[in-house]
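As a plain string of letters, each chain reads:
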Amino acid sequence: MTFVAKPRVHHPLLPTNEVGLTRRDYEGLVSTLCAGCGHDSVSAAIVQACAELSIPPHQFAKVSGIGCSSKTPSYFLGNSHGFNSVHGRMPSVATGANLANRELYCIGVSGDGDSASIGIGQFAHIVRRRINMLYIVDNNGTYGLTKGQFSATNDKGSTSKKGVPNLYEPIDLVSMALQIGASFVARSFSGDKTQLVPLIKAGLLHRGFAFIDVISPCVAFNNHNGSTKSYDYLRTRGASVVTADFIAAGEEITADYAPGEVETVHMPDGSQLRLRKLDTSYDPHNRAHALEHVLEAQQEGEVVTGLLYVDPDASDCHEILDTVETPLNALGETELCPGSEALDRINASFR
Amino acid sequence: MTTYNDFVIRFANVNGSGSASANGMFAKALFRMGVPIATRNIFPSNIEGLPTWFEVRVSEDHHHGRREGVDLMVAMNAETYREDVASVVPGGFLLYDNSKGLDRRLFRADITEIGIPIAKLLLPEFADPKQRKLFKNIVYLGALSALLNIDFEVITGMVSTQYRGKDELIAPNIHALEIGRGYAREYLDCPLPIQLRRTAGLGDSIMIDGNTAAALGAIYGGATICAWYPITPSTSMAEAFEKHAGQLRTETDTGQRKFAVLQAEDELSAIGIVIGAGWNGARAFTATSGPGLSLMSEFLGLAYFAEIPAVLFDIQRAGPSTGMPTRTQQGDVLLAAYASHGDTKHPLMFPSTPKECFDFAADAMDLADRLQTPVIVLSDLEVGMNDNLSEPLTWDDERRYDRGKVLSREDLDAIEDYGRYVDVDGDGIGYRTLPGTHPTKGAFFTRGTSRDAYARYTEAPEAYTENMDRLLVKWRTAASLVPAPEISGHGHRAGIVFYGSTAMPMGEALERLADDGVQLDAMRIRGFPFSQEVTEFLYRHEFVFLVEQNRDAQMKTLLVNETGVDAAKIVPVLYYGGMSISADIIQESVLDHYEKMRLPRLWAVGRGTRGGTPSVQTAIGRGDPGGDSAA
Ligand SMILES: Cc1ncc(C[n+]2csc(CCOP(=O)(O)OP(=O)(O)O)c2C)c(N)n1
Ligand code: SF4
Ligand SMILES: [Mg+2]
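Note that the protein sequences, when read in sequence, are chains A and B.
Position 235 of the first sequence, counting from 1, maps to 235 under this note's numbering, and the rest follow consecutively.
Position 137 of the second sequence, counting from 1, maps to 137 under this note's numbering, and the rest follow consecutively.
Errors might be hidden in some of the hints.
Over the 10 Å line for every Cβ pair with chain B, so calculated as not near, a few chain A residues [stated by the list, open to error]:
| hint | residue |
| --- | --- |
| 1 | P56 |
| 2 | R89 |
| 3 | A314 |
| 4 | D344 |
Which chain B residues face chain A? A few, computed with CB under 8 Å, are given here [stated by the list, open to error]:
| hint | residue |
| --- | --- |
| 5 | G16 |
| 6 | F299 |
| 7 | T394 |
Covered stretches of chain B, as calculated for chain A (at least 3 residues, CB under 8 Å) [claimed, not checked]:
| hint | segment |
| --- | --- |
| 8 | 265 to 279 |
| 9 | 429 to 441 |
Derived by calculation from the structure, the hints in this document are not laboratory data.
These numbers were taken from a predicted model, which means no experiment stands behind them.
Note that CB positions come from ideal geometry on N, CA and C, so glycine has one too.
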């Protein structure tokens with residue numbers, strides 16, 4: 001057998017969450033990715049965020065495309081169903097899954113190759129459709145699984161391991177998501193758990209389409225000098241504009257903030273998001289402003305991180321389609337089949 | 001000699017001229033008189049300005065396939081006048097607008113011209129030129145009512161219902177009808193020797209197109225999600241689903257809908273949505289045509305290996321996207337059967353009538369859930385987009401959906417050792433669990449093949465082969481679940497095999513062949529994988545004709561490949577010109593074969609003792625798309 005199951009013996013002192021589970025209950029199989037791969041840190045952040053939210057693991061549905069990043073759903077939430085689907089087509093699978101059961105928390109994990117190259121069309125369209133899900137791109141600027149070709153998010157001039165520069169313009173998924181109307185757009189760095197975990201929590205609870213572009217270095221193929229997706233580059237050129245602190249419903253607010261520094265965003269479940277602007281001129285509710293800021297920083301070679309845009313009153317696809325509250329997959333004959341009498345009337349209308 | 005309820009009438013119009021509604025009323029009027037008819041739209045890939053034809057075959061004998069040759073041509077398009085005149089059978093009739101002079105050289109001595117000054121008649125009556133253009137169609141409808149003996153009240157009644165709510169349109173329409181009818185009665189020999197008469201023969205039949213019937217079947221079968229991308233001739237199915245589900249599945253108090261329709265960005269996305277929904281336990285389908293099915297190919301492989309229910313309707317059409325998208329064909333058989341990479345094959349269903357489109361749509365939902373795999377319903381433009389006479393749709397209220405093997409939370413609690421792909425029952429089908437079912441049991445990670453029976457990651461060769469072999473066991477189970485073939489006749493040395501819309505002219509072809517001394521056992525294939533009955537039919541006969549509407553005899557390839565039958569035993573009868581195959585073509589091809597092989601017939605007779613010589617000198621001959629009208 002080539003898989004490794006983690007031992008499920010709980011340490012008696014591991015803290016439990018509101019549903020009586022420990023963090024171990026949110027873990028998955030042992031990762032088979034390269035040691036030091038940024039994607040593993042993203043998985044760990046997902047584990048922490050889900051455990052802290054106290055959502056039972058089986059209430060998640062995990063979907064992914066193809067790539068090292070897309071493998072990760074088997075390394076978190078082992079008690080949830082997951083679907084490692086087709087390269088670049090996770091958005092459509094996520095759409096179908098969400099249409100079938102609106103009650104599940106849907107987490108999509110994709111790569112930059114998966115979402116910005118082969119899947120760019122599906123990415124754009126899931127944003128438009130406002131599927132209620134958290135969509136994470138583990139962005140390493142390279143095709144990890146096929147061994148280090150440039151991906152479409154690789155910056156022009158950034159070099160390969162062998163020193164060859166990339167000659168093409170990059171696609172920035174954050175700018176795209178902002179432009180097409182995503183109601184929650186963030187960028188983070190796999191090495192910054194303090195920033196990433198609250199963003200994941202907020203993204204999960206956000207109603208509508210939540211997108212996090214996580215710069216997640218590929219230690220095997222794109223972590224050298226000259227790469228703009230390396231740990232070093234992010235540590236020196238990453239700039240957080242708005243951090244989000246997540247406060248669960250009913251949780252006591254302990255931190256002290258200077259007045260004016262913090263803005264509270266109320267989430268649908270009663271929890272709160274405290275946005276701290278590190279750059280006081282930044283407005284995370286102004287789409288055009290956010291887009292402009294991201295583009296300007298990009299020109300300077302800076303990577304803007306944080307919660308870049310949020311519309312807490314957004315709607316989702318089910319609202320657009322006006323579907324019933326009951327998940328569509330829970331409806332049976334009684335609800336779905338109009339019956340023979342109705343069919344008689346239909347027949348009559350065709351005479 | 002007067003004949004009743006037995007002719008072909010063709011309307012030659014210009015696309016976008018409003019003829020569709022008048023022609024539709026003509027067909028409906030006949031139907032309401034109890035006259036058996038089949039209708040055909042022959043239209044270009046264009047919105048306005050190009051030639052379009054509408055054909056009605058009137059046949060008291062219920063011969064609903066296309067027949068070569070036109071008995072009455074309503075020639076309203078100057079551009080196609082030459083070919084329209086040429087397609088009339090000797091002794092036939094040509095109705096045209098003689099307001100302007102036409103090229104006399106085009107007239108034929110062997111047909112009867114019926115000139116009506118339609119434009120001139122309308123000029124003093126309607127001031128608005130747009131109305132005059134539209135009412136041309138209504139005037140010829142009025143004239144036809146006199147020429148063919150259509151009950152006038154039936155037509156006027158229809159005008160009134162059609163324009164209910166726009167009442168100001170009723171009077172002018174009826175006036176236009178009366179202009180045409182009045183002119184015909186005063187100046188023409190009415191009625192013609194080809195006439196209509198009321199019959200009581202249609203009982204509770206309905207007139208419906210296959211796509212609408214399939215959409216209703218999907219609704220009755222419990223489909224909640226439709227994801228699609230527009231492509232002729234499948235579009236009307238998705239649209240009909242949305243329309244009828246809107247009426248049948250909207251909660252009266254809240255206005256909320258028990259279904260979701262998504263027009264996806266392309267076919268890749270459409271099938272991805274269907275598969276995502278199927279994975280998560282909702283019944284979902286897509287409707288598409290050949291080019292779309294090609295795009296769905298990769299996903300179909302995943303769904304096959306990951307074993308996810310999905311239903312696809314492929315409403316087949318001719319050729320590629322720049323081919324003849326508005327013409328019919330059965331050209332996707334092999335693509336559908338083996339779509340995707342690796343060893344994949346998919347259950348297929350071949351509906352022949354609107355009723356079967358309805359039944360198969362509902363059955364496909366059960367079949368996909370039971371077999372946990374994509375099921376493809378192969379319809380085509382001929383069945384899908386033409387209004388056809390059909391038995392009424394029926395539904396048994398006792399029927400329960402077969403959701404297949406899906407474990408509930410309680411089931412999981414009772415099970416010690418759950419493995420998603422373990423063949424517990426020996427039918428090759430494992431037990432599914434849906435996301436969200438159980439807090440600690442039954443969750444698994446869905447992927448293609450690199451897994452064992454417990455859905456655990458492995459690349460071990462034994463696990464791979466074991467899985468592929470189990471899928472073959474499932475395939476054999478599928479053969480017993482897809483619709484069985486319909487076999488008629490027994491004990492003849494030769495047989496004839498067909499499927500889908502090719503059934504429409506088959507009854508007539510078989511009658512004619514019997515008159516010619518050729519008696520054949522017939523088998524209509526309705527499903528794939530082939531059941532034992534299909535194989536036996538092939539082996540039982542010395543040789544079989546296989547009639548299909550594609551160039552490469554795709555069903556023959558499939559039969560030879562899957563049943564091992566000697567390829568030399570199968571004599572293909574092929575038509576692929578984009579029109580639907582006619583009884584004339586079938587009869588001619590079969591007789592040709594008998595002649596060529598010097599095969600004995602039951603009795604020696606000259607060809608065409610019945611129904612005249614098949615006329616193939618029509619504009620639309622075999623393999624000939626019929627001019628350059630398809631853009
Ligand atoms: C249709 C198709 N084409 C190509 C591949 C090969 N392929 C597998 S993963 C991959 C790139 C993955 O890159 P990315 O999404 O960035 O993931 P990473 O491995 O970098 O996390 C490619 C091209 C495939 N699986 N399917
Ligand atoms: S190749 Fe790169 S992306 Fe893939 S596991 Fe290794 S480090 Fe991670
Ligand atoms: Mg990558």
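Okay, the hints, checked on the actual structure:
{"no.": "1", "hint": "P56", "in the structure": "6 Å, violated"}
{"no.": "2", "hint": "R89", "in the structure": "5 Å, violated"}
{"no.": "3", "hint": "A314", "in the structure": "19 Å, holds"}
{"no.": "4", "hint": "D344", "in the structure": "8 Å, violated"}
{"no.": "5", "hint": "G16", "in the structure": "26 Å, violated"}
{"no.": "6", "hint": "F299", "in the structure": "6 Å, holds"}
{"no.": "7", "hint": "T394", "in the structure": "7 Å, holds"}
{"no.": "8", "hint": "265 to 279", "in the structure": "holds (count 14)"}
{"no.": "9", "hint": "429 to 441", "in the structure": "holds (count 8)"}
In this structure, the hints that do not hold are numbers 1, 2, 4, 5, in rising order.
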